[in-house]
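Protein chains: 2
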Amino acid sequence: MSDYIRDASEIYRNSFAIIRSEANLNVLPPDVAKVAVRLIHACGMTDIVTDLGYSSTAAQAGRAALAAGAAILCDCRMVAEGVTRKRLSANNQVICTLYEPEVPEMAKHLGTTRSAAALELWHSYLEGAVVAIGNAPTALFRLLEMLDEGAPKPALILGFPVGFVGAAESKAALAADSRNVPFITLHGRRGGSAIAAAAVNALATEEE
Amino acid sequence: MSDYIRDASEIYRNSFAIIRSEANLNVLPPDVAKVAVRLIHACGMTDIVTDLGYSSTAAQAGRAALAAGAAILCDCRMVAEGVTRKRLSANNQVICTLYEPEVPEMAKHLGTTRSAAALELWHSYLEGAVVAIGNAPTALFRLLEMLDEGAPKPALILGFPVGFVGAAESKAALAADSRNVPFITLHGRRGGSAIAAAAVNALATEEE
Numbered sequence: 002m003s004d005y006i007r008d009a010s011e012i013y014r015n016s017f018a019i020i021r022s023e024a025n026l027n028v029l030p031p032d033v034a035k036v037a038v039r040l041i042h043a044c045g046m047t048d049i050v051t052d053l054g055y056s057s058t059a060a061q062a063g064r065a066a067l068a069a070g071a072a073i074l075c076d077c078r079m080v081a082e083g084v085t086r087k088r089l090s091a092n093n094q095v096i097c098t099l100y101e102p103e104v105p106e107m108a109k110h111l112g113t114t115r116s117a118a119a120l121e122l123w124h125s126y127l128e129g130a131v132v133a134i135g136n137a138p139t140a141l142f143r144l145l146e147m148l149d150e151g152a153p154k155p156a157l158i159l160g161f162p163v164g165f166v167g168a169a170e171s172k173a174a175l176a177a178d179s180r181n182v183p184f185i186t187l188h189g190r191r192g193g194s195a196i197a198a199a200a201v202n203a204l205a206t207e208e209e
Numbered sequence: 002m003s004d005y006i007r008d009a010s011e012i013y014r015n016s017f018a019i020i021r022s023e024a025n026l027n028v029l030p031p032d033v034a035k036v037a038v039r040l041i042h043a044c045g046m047t048d049i050v051t052d053l054g055y056s057s058t059a060a061q062a063g064r065a066a067l068a069a070g071a072a073i074l075c076d077c078r079m080v081a082e083g084v085t086r087k088r089l090s091a092n093n094q095v096i097c098t099l100y101e102p103e104v105p106e107m108a109k110h111l112g113t114t115r116s117a118a119a120l121e122l123w124h125s126y127l128e129g130a131v132v133a134i135g136n137a138p139t140a141l142f143r144l145l146e147m148l149d150e151g152a153p154k155p156a157l158i159l160g161f162p163v164g165f166v167g168a169a170e171s172k173a174a175l176a177a178d179s180r181n182v183p184f185i186t187l188h189g190r191r192g193g194s195a196i197a198a199a200a201v202n203a204l205a206t207e208e209e
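Taken in order, these protein sequences are the chains called L and W. Using my numbering, you'd call the opening residue of the first sequence number 2 and step up by one each time. Using my numbering, you'd call the opening residue of the second sequence number 2 and step up by one each time.
Because the hints were derived from the structure by calculation, they are not lab data. For every residue, glycine included, the Cβ atom is placed at its ideal position computed from N, Cα and C. Accuracy of the hints is not assured; some may be wrong.
Listed next, with one range per pair, are the computed distances between beta-carbon atoms [unchecked claim]:
hint	chain 1	residue 1	chain 2	residue 2	range
1	W	96	L	111	28 to 38 Å
2	L	21	W	111	24 to 34 Å
3	L	90	W	86	31 to 41 Å
Looking at chain L on its own, in the form it has when it is part of the complex (with noise of 0.2 Å):
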């Protein structure tokens, strides 16, 4: 028991180690390579590689609207809060519309989820913005749908909603046509907010 490892930084150093060891990192380009690091250092499997989706531009654009001040947008709390402050070197809002008041008559009226009706509240933020789907596949699907609709392009969708109804879909979705936005999945039904706040925190600063 008393000699398990209490230093901070030798934790994250061992962590990044193993990681790189053991994870199949060269089937990827460098830049997403480095954010592959961090989502399975924050879930803790290395085999998520083989799933990772994205686009060409992806890990640039998200770098370059971070450093620039874009806003997050995360679909729940348990993203925004996962997303590391002082990683963001630009100040950037991290914004969760899901609690916000009028959000659960909103769905009602709307007929669908309380996750997706939050988005109807982004349209202001969304131009630039990375927008970062940890929990709800219908927030990711009904992005899709806004776009579609000629909402403001963000910069990057982080997409990794989980579960067992519509994750799959709802990111092959994304992955088939993400309407010109750039992007990162993971397919399946593996996701969640930890990956999700993990891409955020990775884009926000080269520093592991």
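The hints should help you fit chain W onto chain L, whose structure is shown.
Leaving out everything else, chain W in the frame of chain L:
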């Protein structure tokens, strides 16, 4: 695109039906199986059943404690955010001390991580509490040390730290000797705040 399921209740129902049809829940006692369904729902992986560890009274102890108003002690704010407040019938306190102002200095003084140092502020809440660790192995290691040092016993330990350094080891230490505290854990590297919060949510009410 237009045919995705938008009804939250239907999404839940379908998700749980898929989980029950695919996961090998028969190897678990019924009360643990019910918790497992929500853990699987949170991470999208049915195969975590194999890695679950638990003591025989854990689910029962957790339900009783939460119903009686036990505090919920979380190692990070993502876990605290993931606890669904409306499932808590006794208006339980949800406590995370990680960002208390004295923690960084305490961590330096104690030569440990902030996540572990934050537990020093748990003493007055520990008795009969439900502890939910979803991030830091050092927090789980420190909790076991505190119990060895005579700290008050929580009602239940939900041990779900994630990652490559100490996660598997801290969970193995918990399962090998939980200091007579009921526990639920997920062996290996997998874990995380969504799973830890899902365990609390599963035990907070019988309602799915």
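Residue 96 of chain W paired with residue 111 of chain L, Cβ distance criterion 28 to 38 Å: holds, 36 Å
Do the Cβ positions of residue 21 of chain L and residue 111 of chain W conform to the proposed distance bound of 24 to 34 Å? holds, 30 Å
For residue 90 of chain L and residue 86 of chain W, compare the CB-CB distance with the range 31 to 41 Å and indicate the outcome. holds, 34 Å
In the structure shown, no violation is registered for any of the earlier numbered hints.
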